[in-house]
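Protein sequence lines, in the order shown, are assigned to chains X and Z. Those letters in the first sequence? Residues 1 to 921, per our numbering, in order. Those letters in the second sequence? Residues 1 to 536, per our numbering, in order.
Each statement offered as a hint is correct.
Facing chain Z, according to a computed beta carbon distance under 7 angstroms, are these residues of chain X, among others:
no., residue
1, 489
2, 492
3, 494
4, 496
5, 756
6, 757
Because the hints were derived from the structure by calculation, they are not lab data. Positions of the beta carbon are idealized from the N, C-alpha and C atoms, including for glycine.
Here is what each chain is made of, one letter per residue.
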Amino acid sequence: MSTVSIGTLQHHSLRENPQYSPKSKAFKPCSLNCSPQTKFFFHSRRFCNFRAPKHSHVVVKAASAAETAVVQTFESAELFFKETFPLKRTETSVKRERNEVHKKLKIVEGKIFVRLDQVKNSQIWQLTVGCNLPGKWILHWGVSYVGDVGSEWDQPPTEMRPPGSIPIKDYAIETPMKKSSSSGGDGFYEAKIDLSPNSAIAAINFVLKDDETGAWYQHRGRDFKVPLVDYVQDDAPDSNIAGAKRGFSIWSGAFGPLSSLILRGEASTTTGPDNSTNSRDPKQESRSLERFYDEQPIAKQVSVDNSVTVSVRKCPETAKNHLHVETDLPGDVVIHWGVCLDGAKKWEIPAAPYPPETIAFKDKALRTRLQPKDGGDGCWGSFTVEEGLEGFLFVLKLNENTWLNCMGNDFYIPLSSSSLSARSTQSLSGGTQIPEKDSKENQEGSISKYTSGIIKEIRNLVGDISSEKSQKTKSKEAQESILQEIEKLAAEAYSIFRSSIPTFTEEAVVEAEKQISPVKICSGTGTGFEILCQGFNWESHKSGRWYMEIKEKAAELSSIGFTVIWLPPPTESISPEGYMPRDLYNLNSRYGNIDQLKEVVKKFHEVGIKVLGDAVLNHRCAHYKNQNGVWNIYGGRLNWDDRAVVADDPHFQGRGNKSSGDNFHAAPNIDHSQEFVRKDLKEWLCWLREEIGYDGWRLDFVRGFWGGYVKDYIDATEPSFAVGEYWDSLSYTYGEMDHNQDAHRQRIIDWINATNGTAGAFDVTTKGILHAALERCEYWRLSDSKGKPPGVVGWWPSRAVTFIENHDTGSTQGHWRFPGGKEMQGYAYILTHPGTPTVFHDHIFSHYRPEIEALISIRNRNKIHCRSTIKITKAERDVYAAIIDEKVAVKIGPGHYEPPSGQQKWSSAYEGKDYKVWESS
Amino acid sequence: MEVSVIGSSQVKTELAYRELGFCNLKGGKAVISSKNRVCVGRSTGWRKSGIRFTLRATAAIQSEQLRSDSVSGRSTRSKSRDNVRLFVGLPLDTISDCNAVNHARAIAAGLKALKLLGVEGVELPVWWGIVEKEAMGKYEWSGYLALAEMVQNAGLKLHVSLCFHASKQHKLSLPEWVSRIGESEPSIFFTDRAGRQYKECLSLAVDDLPVLDGKTPVQVYREFCESFKSSFSSFMGSTITGISMGLGPDGELRYPSHQRLVKSNKITGPGEFQCYDKNMLSILKHHAEATGNPLWGLGGPHDASTYNESPNSNNFFRDHGGSWESPYADFFLSWYSNQLISHGERLLSLASSTFSETAITVYGKVPLMHSWYKTRSHPSELTAGYYNTTTRDGYEAVTEMFASNSCKLMLPGMDLSDEHQPHESLSSPELLLAQIRTACRKHGVEVSGQNSSATGAPGGFEQIKKNLVGDNVVDLFSYQRMGAYFFSPEHFPSFTKFVRSLNQSELHSDDLPEEKEEAADSLRVSSDSVVCMQEA
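Taking the hints into account, I'd like the entire structure generated from these sequences.
See the structure below:
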């Protein structure tokens with residue numbers, strides 16, 4: 001499974017060491033994880049953009065293996081490290097929606113042609129659509145009949161369909177384009193459609209699809225259209241001859257530069273065997289079946305693989321390190337580099353001498369232009385640095401806006417032997433590109449620019465759509481997307497209005513009155529006083545009787561103060577952990593069978609704990625293969641076919657609509673835009689509520705589909721609590737996490753907003769910022785520019801479900817583990833702060849338990865809830881402090897803090913390593 | 001040559017279609033689709049052979065083009081007939097004390113959202129206490145000008161409410177210099193029987209008295225309006241389409257019969273008469289003497305209930321046998337309400353004459369004093385200055401005054417429904433609304449609407465809709481009011497739904513011109529490709 005695509009990755013750990021130690025084998029599969037392009041993330045999908053500590057592990061091994069191999073010397077210096085990194089880049093930046101991931105691709109030029117001609121010695125005419133670019137081209141086409149109004153497609157009659165065609169719903173055909181035999185060396189892909197002259201077909205509509213990349217090629221966002229104009233020639237002398245009654249002609253009106261591609265300067269070349277005078281003679285034209293040939297330029301983006309190789313040699317005489325950096329990137333490449341003195345990877349400028357063409361950059365780094373290689377693409381640079389340095393850091397700069405780094409981090413080359421054996425958390429492999437970020441960018445400006453950009457896009461969209469009014473579904477989508485944008489703007493306005501100090505005294509009174517009255521329970525917040533327990537970890541499936549094991553702990557969990565428990569996904573699953581569900585109605589899993597599940601839910605209800613079911617709605621594994629051998633046909637009670645699968649993941653050949661979110665590539669993603677899918681899922685969720693007794697949902701991978709659908713599900717199932725996992729990467733600049741993570745939390749807020757606030761979301765932002773703050777002793781990060789908490793909890797506390805670890809980030813997976821030993825500081829933060837805190841199973845049942853219990857009891861004693869007020873009283877390098885609801889003060893960090901001694905008297909409530917909590921008395 | 005011929009002929013046909021599309025609007029969709037075919041047939045007819053198939057192509061495009069035209073036509077039509085011009089109130093504190101735009105970013109985002117939603121414009125409260133804060137005649141418009149520009153840039157209309165009142169609740173005060181005068185001369189404020197002053201607006205009794213450093217309040221208001229007009233001249237008629245003239249407490253034409261704020265969940269008492277400031281009393285005295293009953297001019301009714309007493313607890317408002325039906329009461333109530341109407345007349349004529357040469361409509365706001373409407377005496381209306389009882393229509397005179405000044409009448413409370421009123425208050429917002437609207441219809445005064453509840457009355461949107469559709473013609477509806485609650489997930493989605501249900505046609509009809517551009521664009525492309533064919 002996961003090893004298949006190793007070859008394509010071009011990732012090699014080149015060590016000039018003939019012995020291939022068994023250890024080094026471990027290197028390969030791990031390094032594969034680094035490329036976001038690969039598709040084999042099975043359960044590990046979530047960490048695409050996060051640092052994966054596993055790599056560090058690998059680095060250590062590889063490096064130490066290298067260390068043992070230092071026997072060999074090269075040119076009087078010993079090479080003790082060499083590494084090649086793949087680089088992905090393109091010539092143009094393709095901005096993916098809201099994702100800010102820029103991919104570098106190369107443009108391959110070619111052409112699409114459309115030809116209409118007569119098959120020799122027959123009445124049959126043939127339309128040929130071809131393309132001379134390599135790819136898995138598919139002609140996606142349909143016809144319009146005479147008298148059709150609107151631009152809907154119809155399926156062509158069966159006799160028109162070339163062999164191998166697959167019907168798509170009821171309106172189109174997909175015909176794979178075959179490599180043309182006729183066109184000689186230059187490989188043409190073409191599809192031929194036979195046209196019967198006396199059919200009632202008015203036009204043929206098509207778009208091209210490259211199944212390899214999933215890209216669609218349209219004309220200006222619309223379909224290509226080849227009208228076959230039919231008009232009866234009453235005055236024709238030979239009108240009684242059936243075959244000549246109709247004429248074909250080609251309208252190339254819809255042609256033009258292909259807008260989904262890069263616009264090319266050249267005019268399209270159109271050639272017709274009949275000269276132009278011909279078209280002026282109506283009689284001749286209408287009688288003769290006109291041959292036609294039209295070509296359109298096309299460009300396809302292909303990702304280019306480049307690499308950079310770094311080798312390190314130690315000079316035996318001077319004990320200096322010589323680094324040799326070589327890359328096959330074309331053009332001018334500037335290396336932005338520095339060294340670090342310790343494990344903190346803080347950029348420092350090394351001592352001179354520097355290579356030629358080096359300039360210093362802001363006292364932090366050096367910039368050196370790499371020397372072009374003799375004869376051939378690429379360039380190189382050689383650097384000499386003193387001994388005693390911990391490592392060499394660099395990023396590559398192609399131009400002002402294009403930087404290449406290593407999976408969101410700097411490339412890091414360990415230099416000292418100690419650093420090689422030290423546990424480094426840096427990933428060494430994989431290269432992706434990030435856009436350069438100006439950290440001092442005027443925030444306000446960029447936001448307004450952003451929103452006006454959106455408006456512009458919407459206007460375009462509206463314009464585009466309304467000219468295709470008859471495509472009702474499309475305009476409905478457009479309306480939905482406009483509504484989404486409106487919601488986004490509203491959310492922005494809301495967050496600002498809300499964050500400003502209330503000037504309305506009356507409102508404050510009303511608020512206070514509200515709180516006295518019984519708290520309104522809504523699915524986004526529960527009672528507001530919820531404390532969640534994640535009741536499993538990544539290994540929980542192993543015993544086969546987890547339900548029974550956790551059931552034993554129910555009373556204990558209740559006494560600690562938890563009000564909600566999140567149980568693992570209950571369905572039959574391809575993976576034992578449950579996140580690859582197949583038959584949704586089969587609730588016999590590795591955690592136990594359906595009866596045990598009911599039993600454990602009942603038990604938790606008895607002790608007063610609500611139970612969340614882990615609902616995996618984004619994807620579902622198939623039972624059967626389709627005719628192409630692709631797994632996308634379902635069995636079980638929900639025996640969907642490929643219409644339930646999104647269309648834009650080529651691996652599963654779904655026939656649904658395009659995904660409304662990000663794709664999870666290990667399994668077919670469900671197309672929630674389909675009415676029947678939503679109906680079935682709602683039914684299933686309601687069944688789970690009734691049959692099992694779940695009180696609410698933890699929704700897996702909600703990045704995969706639009707939050708509006710979540711609202712639909714929640715409205716249908718009326719859970720008492722719901723939380724979604726919207727996990728994407730925080731923003732980093734030069735490998736350092738940005739202080740301002742507003743964009744990140746905004747994405748989560750946007751999702752919550754799309755659900756209409758019916759679900760909360762895990763506050764990934766807060767976790768990330770806690771990582772940086774605790775790991776690097778940068779506690780100032782815990783206050784945003786407005787003096788509010790910097791995570792989701794600062795903007796929409798009632799919907800923020802705070803956590804520090806879960807089965808993916810921690811447990812035995814450890815995709816993004818909380819800084820070791822500092823977990824209690826994290827809990828001191830989330831358990832005293834607003835938002836709804838979640839405690840991870842592994843932490844409860846560890847030596848942290850007494851501390852967690854103490855913090856929970858402080859929270860409950862002081863009635864801190866998800867909307868509690870918070871005032872940050874200190875946010876400095878080594879200490880952060882805040883006062884919550886004017887009742888509880890907390891400080892975390894090694895620095896000193898005492899709550900203000902004013903009218904309020906504070907008494908210490910609990911104290912642990914680097915944190916302390918006070919209560920007002 | 002050949003090329004240009006074809007190009008221009010296409011343009012012509014296109015224009016012809018557009019004309020067709022517009023003159024045929026009545027038929028709606030069905031007609032349009034059939035017309036489609038007609039057009040195709042025609043174009044072939046016109047173009048006799050020659051470049052026949054080229055034209056075919058054009059026709060194909062235009063049939064699409066037509067459809068978008070037809071949609072725009074439809075929405076225009078429906079707009080004039082049953083679409084309400086919807087405005088959303090901006091926060092009361094949009095412009096801060098020191099003339100800065102508060103939460104500019106939020107407002108910018110909010111304006112964009114509203115524009116996308118298809119809202120016509122926003123309502124902006126302009127506070128006397130902010131603009132003319134420091135000294136008489138010293139106007140500071142910069143904050144409001146900045147905001148007007150934001151609104152203009154967002155492509156929205158602006159309805160300005162000139163607020164000559166203050167709002168303690170929202171920490172908005174009268175101009176400092178006015179407050180200073182009020183400290184030494186408290187009689188410029190409305191006063192109740194117990195001598196308590198209502199300091200959020202000037203008493204109507206001083207309208208024509210030179211109490212403000214030698215000028216009368218009416219003069220000061222007029223100069224304020226003149227200054228506003230000249231400062232915003234570039235926005236007048238284009239961005240600014242309407243002005244609500246502040247007429248009293250909360251901008252409404254009434255006495256502050258409830259001096260202090262009433263908690264929303266409590267039942268409102270009938271309020272008290274506010275005729276006890278020095279000047280009111282002296283007017284009353286003169287009036288009483290002139291009508292030959294000098295003893296009636298010594299004060300208001302002695303047996304009226306106090307603020308939050310039940311109307312039946314005292315003699316005056318009692319349903320049966322209450323003294324409100326006595327000749328004295330008729331004398332007093334007529335005088336009391338006429339004072340209010342004269343005040344309204346003074347300010348509205350001031351406003352309509354000031355803005356007469358601009359393309360701006362002047363509005364005045366009439367309160368919806370709906371509590372106790374189901375009693376015979378309507379005490380809440382009486383204390384507020386509306387002599388409206390089961391036996392007398394008090395709104396005729398008011399609407400007549402509006403009609404004579406060609407002003408439109410703004411009515412709040414369109415979100416209030418009878419069923420959600422506390423039963424004991426004997427309130428009926430719906431009946432009162434209907435009564436005022438009848439009076440307006442009678443005198444040809446156009447009605448505009450507002451909602452009253454800041455935090456969303458139960459069933460408010462349904463009620464508003466009820467008040468906007470059918471026979472209830474409303475000139476515009478001003479929804480109150482943008483802010484945190486407005487954009488909150490509890491509220492905004494239902495507002496969105498409400499707006500969409502009002503304008504059932506398109507989400508954003510103002511984008512239609514751009515649509516046309518886009519369509520024209522595609523036409524251009526098509527002619528280009530035709531060119532290619534001809535060359536070939």
